Structure formats: structure tokens, C-alpha cells
Amino acid sequence: MNTLTDRYLAATLRSVPAPRRDEIATELRASIGDMVEDRTSGGADPAAAEREVLTELGNPDRLAARYADRRLQLIGPTYYLVWWRLLKLLLSFIPALVGTVVAIVDVADGKGFGAIGTGIATALQVAVQIAFWLTLTFALIDRFQPTADLPDWTVDQLPDVPAHRDISLVETVASVVMLLVTIGYLPFQHYRSWVRATDGDNIPILDPALWSFWLPALIVVLLASVAFEIVKYRIGRWTWALFGTKALLNLAFTVSVVWLALSDRLLNPALGERLSWLADADNRNVLGTAVAVGAAVIVVWDLIDTALKARRQTV
Amino acid sequence: MVASLVALRRPNYGYALLQRLTDHGFPVDANTLYPLLRRLEDQGLLTSEWNTEESRPRKFYRTSDEGESMLSRLLDDLAAVQTSITGLIQGVDR
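Chains A and B supply the protein sequences, listed in that same order. At position 204 of the first sequence the residue is numbered 204 (our numbering), and the sequence of numbers has no breaks. Quick note, our numbering runs 1000 ahead of the 1-based positions in the second sequence.
Quick caveat, the hints were computed from the structure, so don't treat them as lab data. Nothing here was measured: the structure is a model prediction, and the numbers come from that model. Careful: at least some of the hints might be erroneous.
Some chain A residues well away from chain B (every beta-carbon gap over 12 angstroms; in silico) [what the hints assert, rightly or not]:
{"no.": "1", "residue": "A30"}
{"no.": "2", "residue": "S31"}
{"no.": "3", "residue": "A68"}
{"no.": "4", "residue": "R85"}
Reference excerpt, derived from the structure (chain A facing chain B, CB under 10 angstroms, subset only) [stated by the list, open to error]:
{"no.": "5", "residue": "D38"}
{"no.": "6", "residue": "N59"}
{"no.": "7", "residue": "A65"}
{"no.": "8", "residue": "Y67"}
{"no.": "9", "residue": "I104"}
{"no.": "10", "residue": "D106"}
{"no.": "11", "residue": "D280"}
{"no.": "12", "residue": "D282"}
{"no.": "13", "residue": "R284"}
{"no.": "14", "residue": "V286"}
Pulled from the structure, derived: some chain B residues nowhere near chain A, Cβ distances all over 12 angstroms [as the list claims (entries may be wrong)]:
{"no.": "15", "residue": "R1009"}
{"no.": "16", "residue": "L1018"}
{"no.": "17", "residue": "F1026"}
{"no.": "18", "residue": "A1030"}
{"no.": "19", "residue": "E1068"}
{"no.": "20", "residue": "L1088"}
{"no.": "21", "residue": "G1091"}
Note that CB positions come from ideal geometry on N, CA and C, so glycine has one too.
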């Protein structure tokens, strides 16, 4: 019993729910028998007729999916656009961010130019991970979300004057998440950094002395930025008042960081014991200057960008 | 689907139904029709029983009462579409 029909049935039934398997097998076998018989009674060769019938029935996996009423798509049209937008958003900055951090850590470890390769490899890994988990999540949502529970769309759900909402929810959520991650990182690095002392104790990245004033002050500024993002979303467009507030917040944060970096007070002095590269005062100066310049460039670029948006949107 | 419900007012089995529909101008693929019959049965629009008297066991489907009421709704819809199309065509001609 290993005819083409047997093999076809086995391939089809493999992915049909078990309780119905026998019944479908009997019916499908009878149907195939009918179809073959119909062709042979017309004078066709039985083997050729069987082959023709099975070809007509097509890919057994597709047939099985029809029997099981299963979707042949990973993410359906309901969620595709959300998935696509989120994927683009996450891939646009997280891999680059993580890759850069890893590369900087490697440089601090004294690995030199090899750090660039490590950074790129890490960024690629992170990108693959993001794409995989996001897609998996959406595929599961798409399969198990009981659509009956979704409220019907009503006219009331239309956003106020959609054409003039220049600040999107996605953008706001991304900003708030980034801010919260930054706020969370400050205490986190104190207890769990990737650097360990020779006795296995954790060495904070940032100078613990900063906790007396600077770090709490920075956290307050960051929290204010979170509030600002929410207010900005409620207003829905850039205004000059918003621009001024943002400029103040950004300057408060950046000037503090730049000043700390330039006066070599940002990093924990204890790091020098573990990372020989940091023990050298010249190297620390280079790093401090790099941090300061980087922060300044980012804030200036951001302010110019915001000013352009504000000018465009207040017209 | 409408055609299947109409044709199965008289009990029939998969392949014979397929031929009958094809003869009446509804060419339907076997790999679409067989799973469709299953689904209609699951939805209670068809009832079925096994006939083991013939050379091979066959599952005969028949349109159920629920299937009949669904069918009449669908036929009404079709008639309404037909009326609208006809009206539109005549309206354009005018």
C-alpha cells in the first residue's frame, strides 16, 4: 500500500486535525477513486489518470489548510500595516544604538578597530532578533485575536482634524519609551553594569558621587521631557512655545552632560582599574571630548530640525 | 456556495456534485469543493450520512433546514444584485 494516492492522503492528513482525520481520509479516498474511475472509463491509463487527478487536487498542504480552514498567511491585512510600521520604526534606531554601544564598550576594552566589526555584527544580530520576535508576536496576535471582540469602527474615532496632526502617536510613544529607558538605565548601571571588579563586585559606569546631585537632577529633566512629549502629543503640532520648552529641556540635559564630560566627572574613576585604556588621563580627555561633541552635535541638529518643523507647522 | 446549496437539495456525494455543477456551468475545483462541503457541514448548513452500499463508501450531503433559510437569503441578495445591475444598465442606455 504505497500508491501515489496513499502518499497523497498521508501528506494531506498530516496537518488535518486528528479527530477528523479518518473521516476525511475515507471521503477523500472515495473522491479520488471516483475521479480516477471517471477518467479510466473514458479509456485513459489508470496510472496516468491517478497522476492527473492528484495534480488537479494540487499541493496537499494547501488542501489540508482548506480542510482545516487555516490561513495561508503569516500576518493578515488587519495587522500588516501596524506590523510594517512598527518594524520600520524599531529597525530604524535600535540596532544602530546597540551596535554603537557595544562598539564603544569594545573600544574602552582596548580592542581598537576590531570594535567596528563587533558593533556591526551585533547590530545585525539585534535587527534579526527584532524582526523575528516582532513578526512572531504579530503572527500569534493575527491567529488568536478574537476579532469578534474588536469594537466596530465608528465615526467618533476619527482623530481631530487628521490633516493637521503633525506629531504622530508612534513618534510620541517611541520618544517616551526612549526617555524611560534612559531614566531606568541610570540606576540600573549603578547595580548592574557590564564591568566587574576583580572580586566580582559591580563597578558602576557613571561616577557614584554624581548621585548626590547631578543624576537626580538629570532624571528630573528627563521626567519633564516625558511630560513634554505627552503635552506635545495633546497639542498635536509644533508651536514656538513648545520649541522653547524643548530647547530649554535639551539644553539643561546636554549642557550638564557636556560639562560633566569635559571636567572628567562623568565616568566612575574605579573603571580605570579594570579598563586599562581609561586609566590614561589623555584617553579619558579624548572620550570626554567625544561625548561632549557628540551630545552637542545631536542637540544642535535636533533644535534645527525642531525649529524647521515649528516654522513649517505654525504657518 | 449558493450553487452547492441548491444542488444539494437532492442528496449527493463529492465527485458527483462536482460533475453536476460543472455540467450546469459552475466549473469548480475539486480542491475547493471538498473542503467547502466540510465547512458548510460544520456550520450546520449541510447534513451528511455515509452510504456504504455501493462499491466504495461515500458521504452524501444534503442541504439542511438551516441551509435552506440561508439559501433563500442568499438568493434574495442575488436577485437584488441582478435587479440593480439591470436597472443600471437600462439607466445608462436611456
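Review point. So is B/A1030 really clear of chain A, every C-beta pair being over 12 angstroms apart?
Key: violated, 6 angstroms
* Over 12 angstroms to the closest beta carbon of chain B is the bar; see if A/A30 clears it. => Given a closest Cβ separation of 5 angstroms, the condition is violated.
Least C-beta distance between B/L1088 and chain A, which was stated to exceed 12 angstroms: holds, 29 angstroms
Inset, instruction - With a cut-off of 10 angstroms on the beta carbons, see whether A/A65 makes it to chain B. - result: holds, 9 angstroms
Beyond 12 angstroms from every chain B Cβ - status for A/A68: violated, 8 angstroms
Open item on the list: A closest beta-carbon separation below 10 angstroms is what the hint needs, so does A/I104 meet it against chain B?
Closed with: Hint on A/I104: violated, closest Cβ of chain B at ~57 angstroms, above 10 angstroms.
| Claimed clearance of chain A by B/R1009, with the beta carbon kept past 12 angstroms | holds, 21 angstroms
If you take the shortest Cβ to Cβ gap from A/R284 to chain B, is it below 10 angstroms? violated, 70 angstroms
message = Just want to verify: A/R85 was marked as not at the interface with chain B; is every Cβ pair farther apart than 12 angstroms?
response = holds, 34 angstroms
Q. Are A/N59 and chain B close enough, Cβ to Cβ, to be under 10 angstroms, as the hint says?
A. The hint holds - A/N59 has a Cβ within 10 angstroms of chain B, the shortest such distance being about 9 angstroms.
Checking hints one by one. Is A/D38 an interface residue toward chain B, by the C-beta closer than 10 angstroms rule?
holds, 7 angstroms
Quick check on the hint: A/Y67 CB to chain B CB, less than 10 angstroms?
holds, 5 angstroms
Figure legend: structure checked against the earlier numbered hints; hints not met, in rising order: 1, 2, 3, 9, 10, 11, 12, 13, 14, 16, 18.
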